[in-house]
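Asks: Here is how the chains run, residue by residue.
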Amino acid sequence: MDNNTENNIVLEIKHLSKTFGKNPILKDINFNVHKSDVTCIIGSSGSGKSTLLRCINLLEFPTSGEILYNGDEITSNKTNEASYRSKVGMVFQNFNLFNNMTILQNCMIGQIKVLKKDVETSKKNAIYYLEKVGMAPYINAKPRQLSGGQKQRIAIARALAMEPDVLLFDEPTSALDPQMVNDVLNVMKKLANEGLTMIIVTHEMAFAKDVANNIIFMANGFIVEEGHPSEIFVNPKNPLTKDFLGRFINNE
Amino acid sequence: MDNNTENNIVLEIKHLSKTFGKNPILKDINFNVHKSDVTCIIGSSGSGKSTLLRCINLLEFPTSGEILYNGDEITSNKTNEASYRSKVGMVFQNFNLFNNMTILQNCMIGQIKVLKKDVETSKKNAIYYLEKVGMAPYINAKPRQLSGGQKQRIAIARALAMEPDVLLFDEPTSALDPQMVNDVLNVMKKLANEGLTMIIVTHEMAFAKDVANNIIFMANGFIVEEGHPSEIFVNPKNPLTKDFLGRFINNE
Amino acid sequence: MKNYYKTKIISIFFAFIIFLSNTLTVFASDIDNNAKKTFRVGMECGYAPYNWTQPNNKNGAVPIFESSDYANGYDVIMAKRIADELNLKLEIVKLDWDSLVPALQSGTVDALIAGQSTTANRKKMVDFTEPYYYASVVVLVNADSKFAKAKGISDLSHASATSQLNTFWYDIALPQIPNVNKLSAQESASTMLAALDAKKVDLVVTDLPTAKSALAAYKNFKILDFTGNNDNFHISNEETNIAISVKKGDTELKNAINTVLAKMDKNDYDRIMDQAISAQASTLPNSFIQRIIYILDGYGFSFLRGAGVTMLIALVSTILGCIIGFAVGVIQATPTSKHDPIIKRVLLFIIKLILNIYVEFFRGTPMMVQAMFIYFGSAALFNFNMSMWFASFFIVSINTGAYMAETIRGGILSIDPGQVEGAKAIGMTHVQTMIYVIIPQTFRNILPQISNNLIINIKDTCVLSVIGTVELFYVTKGIAGALYTYFESFTIVIAIYFILTFTCSKILRHLESKLDGPDNYDLATTDTLAHTSGLYKYSESPKEEGL
Amino acid sequence: MKNYYKTKIISIFFAFIIFLSNTLTVFASDIDNNAKKTFRVGMECGYAPYNWTQPNNKNGAVPIFESSDYANGYDVIMAKRIADELNLKLEIVKLDWDSLVPALQSGTVDALIAGQSTTANRKKMVDFTEPYYYASVVVLVNADSKFAKAKGISDLSHASATSQLNTFWYDIALPQIPNVNKLSAQESASTMLAALDAKKVDLVVTDLPTAKSALAAYKNFKILDFTGNNDNFHISNEETNIAISVKKGDTELKNAINTVLAKMDKNDYDRIMDQAISAQASTLPNSFIQRIIYILDGYGFSFLRGAGVTMLIALVSTILGCIIGFAVGVIQATPTSKHDPIIKRVLLFIIKLILNIYVEFFRGTPMMVQAMFIYFGSAALFNFNMSMWFASFFIVSINTGAYMAETIRGGILSIDPGQVEGAKAIGMTHVQTMIYVIIPQTFRNILPQISNNLIINIKDTCVLSVIGTVELFYVTKGIAGALYTYFESFTIVIAIYFILTFTCSKILRHLESKLDGPDNYDLATTDTLAHTSGLYKYSESPKEEGL
Ligand SMILES: Nc1ncnc2c1ncn2[C@@H]1O[C@H](COP(=O)(O)OP(=O)(O)OP(=O)(O)O)[C@@H](O)[C@H]1O
Ligand SMILES: Nc1ncnc2c1ncn2[C@@H]1O[C@H](COP(=O)(O)OP(=O)(O)OP(=O)(O)O)[C@@H](O)[C@H]1O
Ligand SMILES: [Mg+2]
Ligand SMILES: [Mg+2]
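Residue numbers (my numbering), protein chains in the order written: chain A, 6 to 257; chain B, 6 to 257; chain C, 61 to 607; chain D, 61 to 607.
Keep in mind that the hints were calculated from the coordinates and are not lab data. Fair warning: this is a prediction, and the values are worked out from it, not measured in the lab.
Only pairs whose alpha carbons sit at most 25 Å apart, straight line, appear in this in silico DSS-like list of lysine-lysine:
1. K92/A to K398/C
2. K404/D to K83/B
3. K19/B to K398/D
Chain A with its partners taken away, still in its complex shape:
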């Protein structure tokens, strides 16, 4: 999976920066994502990881810089945001499940309304992915009736059910126990093999090491270091990276 050619580039981030008011959050971000890549973004709290994902999904508009999706500039005015997002999905740090719908409806609505699938197919598909994350028995529950980990798995299933080309995960395992993390990891690995491109923000270094073929380490809004997990986790070059990974490497 390392021998990606230029033709395979799905997302290209060029000189991206984002400022909230007077606070610069992202500073000159540059990286490429190839087809079927699993890119993990790590970094300390507040370093801008979520903001970066939100920029890629156009939920925040970059202050400057370019984002190319399959070679097309998507920050231009001509982009159809909705159809772009139906191809580039996202799982949020705080889930954002639809409060007015049951779990099943949450997973079906996008398929029916956006992908124009019929109800039966959508339902089968939704239950298929809910089963994958172990939430099939809860199809009649409302989001407010679920535990944190359950909501998180629904959020993952909802995004998967849309069967997008690229999926952005914002800390998809934060509320899960180690066993569940393992299950989700397996699902992701399988999806990666099937050709899904993923960008994952995570604090679980073990998870990142297992699943990723590219690691991006962020600090203070900059990309400090980027590389294959075998390099970053074994031989971090930047002192900030060394400092950040200190505890994880010691634990290994």
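Dock chains B, C and D with the ligands against chain A, hints included.
Replies: The following block gives chains B, C and D with the ligands in isolation, referenced to the frame of chain A:
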């Protein structure tokens, strides 16, 4: 810290059970918490850990069973819930910061209104704890302007600033990076030494192992196994526990 | 003397009926003129104690022509006596006050026995018989008032007083009391009596029959009648003489009636009037509750029809208004970013501006004024003659829409922005996000507001009376005026409003809890899942269960 | 003939003024009776074209006694001529229509030149001179109507027609048109003209001066005057003769005036009337805009005062209503659990029930009916005589409170329950949670509703006219009636309402965005922290910064 006598028992949970509608969530829970104990509750997603903490904090009313705080039955009608909660604080899985207040106000309001401290003292105290979690520079921000990890740290600081006798943490490090987890761990250890009693729901086994002097493993609403981390993590007796801890123990 | 307030209500109502169905024409042509032995008498059947409508034939009431109701009162007693003496078959025809003289002139009725005073104007239109009653002007006070012992009008000096608007009682009699503190005139006899009962004034000036009728309703009143005393009001006979009128030139009938009247004197008249008033008092029961039952019995259908019109307008307009409000609110809550194409931004800006003007204008100006401008103005300016019904629905809907737009804008803003992001992230367009995610949640949150608005509409339709919509409040004012039962009628209408609004608000509350859904969920079983998916095979491994 | 609608408004207004300050008494006693050479003439100064008020002395207007305004019109021209001929100093005294006769009888004025017709009733109170005008009855049509060429009233057959309520035009003249489709009477001359302009009717019946005045306002009207034709209305002189009145027995003045009148004939009168009407037309400018300016010039202060009263009641009552609403809403949103002590639950149940009844009752019944019940009923039932002001504030506040209670209940329910839990977890009581956490967030979310309510209150205070509150809408109706400038006056009041409500809604929108706070935060610097805590030493380690 292991030689707690019966006199030192702060919380006593007796035959606690909780049912939502027709679904039993907690089933005959029994355990004691001694002064300065750090009890970690682990278990898979949806096993009832959050519900147990919420029962202890009286946010949910147990269907049956008793909770004794310093020997007093608190589920009786005579309990002053507010004053009980000012002694038994809680950090929520989804933070529940006050949206209408700045970070500083979030950490001060309880001290001023509940503990009746004056504004100056409250402010000093709030900033002291905010500094401990590294959030002092953000005192003027509103919750909606913060990243997940930042909110989580504010939630911890807010609970600490109340200086309660017992603190219930619901996955207090889920949104934090390993480095930050380390910092929080240190803060907790120091607090435990100062005599704070803590019950912590967590998915981070390493964290649980480091900080706890009692581990409770829950599954399907039951307490399956309870004991010192040195026992549970090394020699889990129950097959469910073994299965659950499999990945963690393998990683060690 | 005439209750002008009542006239107004009834005449507008009547005009409306004519307007709609031309029933009067049909009615007039229906009358066959060959029944020679019939004595057709026109009266209003709603001007107590002279004449009124009652639902049964108690106290010798006479059936009203082509109606299931009965007429009674001084006029009816006199009409019966005249018919008896002249050996004619009496037929009572109920007519609008303003239609009395035309009906007489057109020969629809033979005579009017309708409590008419013999004013010069009327004399030109009809021939009057000798008076059949003398309605002297009297003063009504509270029995415990310091003026209760007055011996003449000069004893009433410095009293605060009022009377009915546009009557000679107010215009001519009242100012004759020396140093009187003349307060503003009351719109109807019923409010005049209510003001006296509430001691807002020391006394009211009225005529004897009205005063006597009032005593039936207000036991605490006392009549001061200074007739025969020099220290009394100076009023011309024209105003106080009440006479029967016949068609101009019908001397035969006039003389016949006069011979009957000649057999009676003033004492007879007073006795008959007392008889009528006591019949009225016995018709109108003593206790508050019984009076309410009496009114409901007689006018139940009118109340029902008014309530129906009110509910129809309120419901339809609230629904239309909500739709308008959602459309406007959603557009106004559409975010614009600097990165949208310029055309889209300009267009959205213009649309938002127009909608803003719409909302501010209709929220900001009274519906009554709008109703008049729209109804009259549409014809004057655009030559578009809209129907009263169309105008009613249009005006209330467009107003509700303006209010709802603001409510919905607020409701949308209070939904967690994460919901929008969640929807966008699965590729929903703005419109889809609104329809499937935001509006359902907003709708639930603003249901209390929708309920408020429906209730406001139920009550505010009353301003539509300016364009002639016969809704509940309008109907009630008419009934209150006809029976002098001010508090009773308004108690009834308050109860009706309360029932309508309470029912609506309960139904909406129920909807609220229904939208909230059950507090608990059922775990899907293997069977359900297999059934719903038709494919899915639920794995029962302990691991899955443990999750 | 008299504009009754106007009379009603003005007389209620006047009564209110008396009620408040007894100014009339002061005014009446102020007049010194020694100025022998003075000719005091009473008139209404608001009954165009006979007499009206204008702000300047254009067209020979005469200053009004003790006022900065001027009077003009047919009556003023006649009064000037009489004063000239009799060598007296003219003084015009402005009086309420209902006060004219009493003022004459009390000697406050020497004569009334006020467009009065010589009805029998008046004849009893005053002595009339010879007529100084003959107000023949005419028909007004649209110039493009098919009836515009009618040669007599029989040519008007089958026309739809109306006139003014409670006038002999409507009661006596109109029914003389054969087969007329008589629609309901209009409340005032201005609405009658508006209906004709809007082509809701084919024609209206009125008198010549009114018709001529109307032409000044409506260029598209045509007068059909059948005087001298046999095919005309048959009306008595009593109604059409307009005369000057003097105190009963004041033959000297009466004769003097008659000698002056004897020098003129009907043609002179018509000429002078035309002069007055053209003066009026020149006073009342031609263009819509200029008329509005004219009205504002003359009545600006009245509008202002009305707007002031309206805003005062609306603002105070909205604030009080919000406080009530928050109190009630918070109590109603208090959760009860099975685990609370039984006393607490019973108490809360009773309180909630009472509050529920309060909310449903006041939301569910029209404010106008409530106003009457509370204002009159408080006196009748509890012998508690509340002031009009107290009643106004009380009624509007208590109604706003009922609406706000529901709004706030809904607002509280829509706040994320996590907020309550967060507050409870740090030991806040229910009340503290509400005050510091929930209400501030609810308040922000329901600000659009508060704004809606304030706006509703600004408009709904108009129903308080039933208990005599002189607010904006009430004032406007009076002005519209006095000047026949229906559309102009209501355009002004619509503008005023719009300005009031728009300003309020903008201020509240501003408050909304202010409550939202800035979109970005400033990082606290070492200095700020040191300053705020007075103690705290900010560590500048790179690790802390990196977080
Ligand atoms: N209000 C509610 N109504 C019905 N069921 C509920 C409700 N709240 C929680 N549950 C159910 O109770 C079970 C336990 O939930 P709880 O939040 O305690 O789990 P948890 O152990 O904290 O899981 P996690 O690790 O994912 O946070 C879940 O199956 C959840 O669906
Ligand atoms: N709407 C906003 N306005 C102002 N500042 C914001 C806003 N959203 C985020 N920020 C700031 O941007 C910075 C980066 O936030 P971001 O959520 O991207 O962090 P993160 O790397 O995802 O952190 P975490 O691991 O804690 O989730 C933070 O300091 C945060 O306070
Ligand atoms: Mg983040
Ligand atoms: Mg949990």
